[in-house]
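Input sequences plus hints: build the corresponding full structure.
If you read the sequences in order, they're chains A and B.
Just so you know, we're using our numbering here: the first sequence kicks off at 1 and counts up by one.
Just so you know, we're using our numbering here: the second sequence kicks off at 280 and counts up by one.
Hints listed in this document are in silico derivations from the structure and should not be mistaken for laboratory results.
Ideal Cβ placement from N, Cα and C applies to all residues, glycine included.
Please note: incorrect hints may appear among the correct ones.
[Claimed, not checked] Selected chain B positions facing chain A (in silico; Cβ < 10 Å): (1) N304; (2) K308; (3) I310; (4) M314; (5) P315; (6) E318; (7) F319; (8) L366; (9) Y419; (10) R420; (11) F423; (12) G424; (13) S439; (14) S440; (15) P457.
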Amino acid sequence: MPVSSYLLPYDFSPLTLLSYMLVLGFYGVGLLRMPEQDRPGSGRIVTFTLGVMLCYAVMQTRFDYYSQYMFFVHRGQHLILHHLGPILIALSNPLPVMRFWYRKMSPSVRYWLQPLGWIYRLLQQPVIASVLFVGLIYFWLWPPIHFDAMLSRQLYWIMNWSMLLDGLLFWWLIFDPRSPAVTSALGYGKRILLLALVAIPQMILGAWIVFSRGMVYDVYEVCGRAWPMPPETDQLLGGLLTWIPPAMMSIIGILIVLRRAMHEDGKYPKSRSLAGGNA
Amino acid sequence: MRRMLPLWSVFVALMLAGCTGKEENWHGKDISGLMPELEFQLQGTNGQPVTAADSKGTIRLLYFGFTSCPDVCPTTLTDLRRSVQQLPEQYRDDVTTLFVSVDPRRDTPERLASYVNFFGERIVGLTSEEPALRKLAKRYRTTFGYDDPDASGNYNVSHSSAVYVFDRNGDARLLLRPGLSPEQISEDLAQLARKSSS
Numbered sequence: 001m002p003v004s005s006y007l008l009p010y011d012f013s014p015l016t017l018l019s020y021m022l023v024l025g026f027y028g029v030g031l032l033r034m035p036e037q038d039r040p041g042s043g044r045i046v047t048f049t050l051g052v053m054l055c056y057a058v059m060q061t062r063f064d065y066y067s068q069y070m071f072f073v074h075r076g077q078h079l080i081l082h083h084l085g086p087i088l089i090a091l092s093n094p095l096p097v098m099r100f101w102y103r104k105m106s107p108s109v110r111y112w113l114q115p116l117g118w119i120y121r122l123l124q125q126p127v128i129a130s131v132l133f134v135g136l137i138y139f140w141l142w143p144p145i146h147f148d149a150m151l152s153r154q155l156y157w158i159m160n161w162s163m164l165l166d167g168l169l170f171w172w173l174i175f176d177p178r179s180p181a182v183t184s185a186l187g188y189g190k191r192i193l194l195l196a197l198v199a200i201p202q203m204i205l206g207a208w209i210v211f212s213r214g215m216v217y218d219v220y221e222v223c224g225r226a227w228p229m230p231p232e233t234d235q236l237l238g239g240l241l242t243w244i245p246p247a248m249m250s251i252i253g254i255l256i257v258l259r260r261a262m263h264e265d266g267k268y269p270k271s272r273s274l275a276g277g278n279a
Numbered sequence: 280m281r282r283m284l285p286l287w288s289v290f291v292a293l294m295l296a297g298c299t300g301k302e303e304n305w306h307g308k309d310i311s312g313l314m315p316e317l318e319f320q321l322q323g324t325n326g327q328p329v330t331a332a333d334s335k336g337t338i339r340l341l342y343f344g345f346t347s348c349p350d351v352c353p354t355t356l357t358d359l360r361r362s363v364q365q366l367p368e369q370y371r372d373d374v375t376t377l378f379v380s381v382d383p384r385r386d387t388p389e390r391l392a393s394y395v396n397f398f399g400e401r402i403v404g405l406t407s408e409e410p411a412l413r414k415l416a417k418r419y420r421t422t423f424g425y426d427d428p429d430a431s432g433n434y435n436v437s438h439s440s441a442v443y444v445f446d447r448n449g450d451a452r453l454l455l456r457p458g459l460s461p462e463q464i465s466e467d468l469a470q471l472a473r474k475s476s477s
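Below, the structure written as structure tokens:
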């Protein structure tokens with residue numbers, strides 16, 4: 001097979017391509033036109049682009065084919081859509097670019113975008129955000145739902161997009177660059193608590209898949225695999241991918257938030273406690 | 280937590296909507312609305328093109344396999360044949376089995392013809408060049424792959440183990456997972472035949 005066919009989408013989705021082009025386009029144009037003192041450094045730009053391109057790659061290249069017909073590749077796809085990609089995007093802090101475009105908007109556009117802001121604030125309530133984060137993983141991995149999602153093209157796209165959007169929301173909540181000492185961003189203590197809390201159900205689910213004797217996800221058996229691989233191996237690898245990397249990412253997330261909290265310690269003398277503002 | 284209440288009620292309502300609302304009881308998996316209607320253009324065992332229109336008006340059972348298949352394909356085809364034989368007499372001619380070989384390199388039309396003839400009369404052997412097979416497999420969200428050949432040139436082929444059932448209009452209705460008995464398949468087919476003939 002020629003190299004180009006690995007880069008072309010298996011299941012072409014114009015809407016997906018358009019969304020990614022718009023995101024990168026707005027980011028790029030924003031970078032060029034914004035005042036230099038606001039512009040993110042090259043490291044952040046590379047991190048952002050890498051995060052976006054990783055998500056694009058698992059949705060619109062040959063990778064998507066293997067994700068549809070191998071359980072463990074599918075778990076890898078969601079690991080990137082729900083964890084790694086959004087983590088990179090959130091860490092790159094695209095806030096200055098978003099602020100730049102927000103200032104460019106006319107008041108009427110801002111008025112019409114208001115409901116989006118309400119939904120955003122509702123979804124960023126810590127309890128809702130973490131229940132949604134874990135809930136979506138459990139929902140799409142619930143065997144009957146998973147079966148339907150892999151059979152129906154429409155459901156499959158809804159699944160992948162919901163994972164990506166939810167990943168962005170959650171990791172933005174965690175890595176919000178605004179300091180909780182001076183803004184209403186979530187306190188560092190609560191962020192750490194959320195990261196630890198969401199790791200546990202993911203570990204339980206992963207371990208359950210790994211130690212299941214029977215076939216939990218028979219849709220890959222029913223629909224044929226991308227290559228003949230023993231079903232148990234596929235399920236074992238998929239379970240491990242659900243179990244270990246997300247737990248590791250929670251720990252790395254905790255370390256990053258801790259480091260930030262320590263850096264800010266004493267920086268804002270009048271502020272309340274940094275650990276969740278509960279002093 | 281009170282803020283979550285509306286969210287939960289929506290969630291629960293969605294779940295319930297997914298569980299109820301179907302009065303029919305099938306042994307197979309109901310895939311109405313999940314998959315597109317039957318459409319293909321492949322080669323029959325006489326080398327002529329065959330499309331879905333050729334079997335219109337009958338219930339179609341679509342199955343992907345290959346003739347060198349050691350156990351799964353013969354078992355499935357035998358089960359399908361037995362389930363059709365168990366149907367009430369007036370429906371027996373209303374079911375067409377479409378056996379699509381995903382191994383066109385080995386499965387010549389002649390080989391395919393002698394293979395499917397072994398499993399009854401109302402079974403059509405189909406194959407094509409690989410791209411057309413890939414297209415059809417993708418349409419029904421399945422795939423197939425080839426193992427490396429061994430010393431004597433034999434190789435294994437991974438393929439779907441399920442049977443797709445389409446009604447007389449060509450709408451996707453059921454997915455028969457492996458493990459169903461011929462009696463259960465027969466009951467499903469009879470129910471489908473009764474409903475669509477009235």
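Now the hints, each set against the structure:
With 10 Å as the threshold, the beta carbon of B:N304 stays out of range of chain A, its nearest partner Cβ sitting at about 16 Å, so the hint is violated. Checking B:K308 against chain A: minimum C-beta separation of about 7 Å stays under 10 Å; hint holds. Checking B:I310 against chain A by beta carbon gives a least distance of about 6 Å; that is within 10 Å, so the hint holds. Restraint check, B:M314 versus chain A: the minimum CB separation of about 6 Å is within 10 Å; hint holds.
For B:P315, the interface hint holds, since its Cβ comes within 10 Å of a Cβ in chain A; the closest pair sits about 8 Å apart. Given hint, B:E318 at the interface with chain A, is violated; its Cβ is 14 Å from that chain's nearest Cβ, farther than 10 Å. This hint is violated: B:F319 has a C-beta 17 Å from the nearest C-beta of chain A, more than the 10 Å allowed. The beta carbon of B:L366 is not positioned within 10 Å of any beta carbon in chain A (closest approach about 24 Å), and the interface hint is therefore violated.
Among the interface hints, the one on B:Y419 holds; its C-beta lies about 8 Å from the nearest C-beta in chain A, closer than the 10 Å criterion. Taken as an interface hint, B:R420 checks out: its beta carbon lies about 6 Å from the nearest beta carbon of chain A, inside 10 Å. Hint status for B:F423: holds, given a least beta-carbon distance of 5 Å to chain A, under 10 Å. This hint holds: B:G424 has a C-beta 4 Å from the nearest C-beta of chain A, less than the 10 Å allowed.
Interface hint at B:S439: satisfied, since its Cβ lies 4 Å from the closest Cβ of chain A, which is below the 10 Å cut-off. At a threshold of 10 Å, the smallest CB-CB gap from B:S440 to chain A is about 6 Å, leaving the interface hint in force. Restraint check, B:P457 versus chain A: the minimum CB separation of about 8 Å is within 10 Å; hint holds.
In the structure shown, a violation is registered for the earlier hints numbered 1, 6, 7, 8, in ascending order.
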